[in-house]
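Colleague: Next come the chains, spelled out residue by residue.
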Amino acid sequence: MATLAPSPARPGRGRELALLLLALAISTYAYAQVGLAMEGRLPADFVRYSVGFAGLALVLHILLRVRAPYADPVILPTVVLLNGTGLAMIYRLQLRYQVSLPMFGSIASRQLLWTGVGIGAAALVIVLLRDHRTLRRFTFTAMLIGLAALVLPLAPGIGKAEGGSRIWIRLGSFSFQPAELSKILLAVFFAGYLVTRRDTLSLAGPKILRLQLPRLRDLGPILLAWLTSLGVLIFEKDLGTSLLFFGLFVAMLYVATDRPSWIALGLILFAVGVTAAHTAFSHVRSRFDIWLHPFSSEVYNRDPGGSGQLVKGLFGMANGGLFGTGWGRGRPDLTELAFSDFIVTSLGEELGLTGLFAILLCFAILIQRGMRTAVGVSDGFGKLLASGLAFSFALQVFTVVGGVTRLIPLTGLTVPFMAAGGSALVANWMIAALLLRISDGARRPAPATNEIDLAPILAAEAADAADAAKASAGDAP
Amino acid sequence: MNELAVTFLRLSYLLLLWLFVVAVLTSLRRDVYGLSITRRRSRTPRTGRGRAIVKAPLDGPTSAAQPLRDAPTKVVVASGPLRGTTLPLGAGIVIGRSSGANLILDDEFTSGRHARIMPDAQGWILEDLGSTNGTFLGRDQVQGPVRVHAGQQVRIGQTRLDLARS
Numbered sequence: 001m002a003t004l005a006p007s008p009a010r011p012g013r014g015r016e017l018a019l020l021l022l023a024l025a026i027s028t029y030a031y032a033q034v035g036l037a038m039e040g041r042l043p044a045d046f047v048r049y050s051v052g053f054a055g056l057a058l059v060l061h062i063l064l065r066v067r068a069p070y071a072d073p074v075i076l077p078t079v080v081l082l083n084g085t086g087l088a089m090i091y092r093l094q095l096r097y098q099v100s101l102p103m104f105g106s107i108a109s110r111q112l113l114w115t116g117v118g119i120g121a122a123a124l125v126i127v128l129l130r131d132h133r134t135l136r137r138f139t140f141t142a143m144l145i146g147l148a149a150l151v152l153p154l155a156p157g158i159g160k161a162e163g164g165s166r167i168w169i170r171l172g173s174f175s176f177q178p179a180e181l182s183k184i185l186l187a188v189f190f191a192g193y194l195v196t197r198r199d200t201l202s203l204a205g206p207k208i209l210r211l212q213l214p215r216l217r218d219l220g221p222i223l224l225a226w227l228t229s230l231g232v233l234i235f236e237k238d239l240g241t242s243l244l245f246f247g248l249f250v251a252m253l254y255v256a257t258d259r260p261s262w263i264a265l266g267l268i269l270f271a272v273g274v275t276a277a278h279t280a281f282s283h284v285r286s287r288f289d290i291w292l293h294p295f296s297s298e299v300y301n302r303d304p305g306g307s308g309q310l311v312k313g314l315f316g317m318a319n320g321g322l323f324g325t326g327w328g329r330g331r332p333d334l335t336e337l338a339f340s341d342f343i344v345t346s347l348g349e350e351l352g353l354t355g356l357f358a359i360l361l362c363f364a365i366l367i368q369r370g371m372r373t374a375v376g377v378s379d380g381f382g383k384l385l386a387s388g389l390a391f392s393f394a395l396q397v398f399t400v401v402g403g404v405t406r407l408i409p410l411t412g413l414t415v416p417f418m419a420a421g422g423s424a425l426v427a428n429w430m431i432a433a434l435l436l437r438i439s440d441g442a443r444r445p446a447p448a449t450n451e452i453d454l455a456p457i458l459a460a461e462a463a464d465a466a467d468a469a470k471a472s473a474g475d476a477p
Numbered sequence: 001m002n003e004l005a006v007t008f009l010r011l012s013y014l015l016l017l018w019l020f021v022v023a024v025l026t027s028l029r030r031d032v033y034g035l036s037i038t039r040r041r042s043r044t045p046r047t048g049r050g051r052a053i054v055k056a057p058l059d060g061p062t063s064a065a066q067p068l069r070d071a072p073t074k075v076v077v078a079s080g081p082l083r084g085t086t087l088p089l090g091a092g093i094v095i096g097r098s099s100g101a102n103l104i105l106d107d108e109f110t111s112g113r114h115a116r117i118m119p120d121a122q123g124w125i126l127e128d129l130g131s132t133n134g135t136f137l138g139r140d141q142v143q144g145p146v147r148v149h150a151g152q153q154v155r156i157g158q159t160r161l162d163l164a165r166s
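Residue numbers (my numbering), protein chains in the order written: chain V, 1 to 477; chain Z, 1 to 166.
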């Protein structure tokens, strides 16, 4: 006879430490290889970089031991590996740009600084947020701030347009992409809103073609989300944020209601939006041209909006082949924005298909841990929040990798944790911290209610007996 | 740097990267399979960690831990709504009205968890679980744990149970 029981949750902090050390070793090894290949020696600040990066990661690990001992042991090492690989690639590109473009000189040290800020923000989230359910109280505050952050770049004076999109705000010499932060806030809002409204939203309405549609009067929220994301597309000309916002809402709506008809409706609305944008905006149309005919010389030479960047990225990956050229031995710098939007092709060139697949698997693991956390956590709000945050990673990776490999048109989203960009890095570290916090709540064993723990009682009895023995021994002589 | 060193650096990095992926997946193995399977060696009752093990007072001295010859192995419902039902004692049974009991008696005179029959080294112990209307062994009401033998009768509410050996 055998008994089946779910494995008891183990904190797994030891496993986390082992994996973290491996991830740090790999990141440092990549950094060293870049210096060896490009300058024939270790990078000038090699010790400072490796000690600094390892120190930050280990501080976060120790913090988890104290504040969230049951957090998922895999999330932190995976994120550290992705971040470290991105840092090595940005440093590698900067070495080349120093020769050709002096103005990009500081991009690697800036990314390292933002990594520190990101890890600090993650630490703050873990320290200040003791229970993720606290966030539910801020559902509508999160909505207000999130929407305000979304439209802030349109405000005159502080908003600034860059590369055709108006998604930045500038305060003094400090510029920030507020949409990255609003991604988190809106995920909190969607989770808090949908967890209270999901019963209504999953009521059955008319049935068309064997698909059970929701009631017509419940279509308000999805239409509102759709109009908002269209607004972002029209006024800020930012395809990526618009897509991410709407995709996140539809995905969380599906998780909340378990009705595939919401996905069908979302896809229909998405198709309508894309068709409208395609006919109305030249910049959307040019993205489609680049996607469909990148190799025609007319599209390639068009300026601005030619397909040169995409084609160079494809050539780079072809140059890398199965095993890559090795760190610092390819020419990923030939592609424009190789350090941000096209960092995937840079990695594909120098690490090859083998390396790129390993990195994509790391993302898959990270997303799976987020979804697993959503399955494991017991409250509906936590489930929706964890699955929404994990889905936002998945959607970003899919649109970026799909974009640079010509599966779908380019959208201008960036790969989480890897691409250069301070706001995105900080926001993504905060998302990782939220997932760690929720997974701590999900994996923490429930306090025993029926069973009496005899160990302390027995220990006290033994101590009493020992005391009594000592006392009688003392009396005897 | 010569070609060999370059190739070594390139491939060793990829190898390490995949080592990380495999290490992560290995550490998630338990999570993927989810259940741990424990083989039970004997039919001794399982006691939860940290839970008190109740030693029933015995008829004879504890040292003679030989199984008694007339230890019952099953319960036969002799009267009442479930008349004719036979239940092996197995690893011990709980009798009562609650759905968590092993022998569920749908009877107004029965408590939710009325009584239980648990094994010890020599045989079986009957114990009332604080029921409202009491448990009777033969004619006597059960006060505390008592040893039971095959052929005895237990009355709970409107139901009479016969203890028997198969």
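In short, the hints are calculated from the structure, not lab data.
There may be inaccurate statements among the hints.
The calculated label-pair distances, taken between Cβ atoms and stated as ranges, are [unchecked claim]: (1) V/Ser109 - Z/Leu4: 30 to 38 Å; (2) Z/Leu16 - V/Ala271: 37 to 45 Å; (3) V/Ala155 - Z/Ala5: 50 to 58 Å; (4) Z/Leu4 - V/Phe235: 55 to 63 Å; (5) V/Leu211 - Z/Arg160: 53 to 61 Å; (6) V/Leu203 - Z/Ser12: 57 to 65 Å; (7) V/Thr196 - Z/Arg29: 53 to 61 Å; (8) V/Val127 - Z/Leu16: 57 to 65 Å; (9) Z/Ser12 - V/Glu39: 18 to 26 Å; (10) V/Gly52 - Z/Leu16: 18 to 26 Å.
Here's a subset of chain V near chain Z, in silico, CB distances under 7 Å, partners left out [to be verified]: (11) Arg15; (12) Ile26; (13) Gln33; (14) Gly326; (15) Gly355; (16) Ala358; (17) Leu361; (18) Ile365.
Here the structure is a predicted model, which is why all the values come from computation and not from measurement.
Positions of the beta carbon are idealized from the N, C-alpha and C atoms, including for glycine.
Colleague: Taking the hints in turn, state whether each one holds.
Modeller: Hints, one by one, checked against the model:
no. : hint                            : in the structure
1   : V/Ser109 - Z/Leu4: 30 to 38 Å   : 33 Å, holds
2   : Z/Leu16 - V/Ala271: 37 to 45 Å  : 44 Å, holds
3   : V/Ala155 - Z/Ala5: 50 to 58 Å   : 55 Å, holds
4   : Z/Leu4 - V/Phe235: 55 to 63 Å   : 57 Å, holds
5   : V/Leu211 - Z/Arg160: 53 to 61 Å : 60 Å, holds
6   : V/Leu203 - Z/Ser12: 57 to 65 Å  : 58 Å, holds
7   : V/Thr196 - Z/Arg29: 53 to 61 Å  : 38 Å, violated
8   : V/Val127 - Z/Leu16: 57 to 65 Å  : 33 Å, violated
9   : Z/Ser12 - V/Glu39: 18 to 26 Å   : 20 Å, holds
10  : V/Gly52 - Z/Leu16: 18 to 26 Å   : 21 Å, holds
11  : Arg15                           : 5 Å, holds
12  : Ile26                           : 5 Å, holds
13  : Gln33                           : 5 Å, holds
14  : Gly326                          : 4 Å, holds
15  : Gly355                          : 5 Å, holds
16  : Ala358                          : 4 Å, holds
17  : Leu361                          : 5 Å, holds
18  : Ile365                          : 6 Å, holds
Violation of the numbered hints given earlier is confined to hints 7, 8; the remaining hints are satisfied by the structure.
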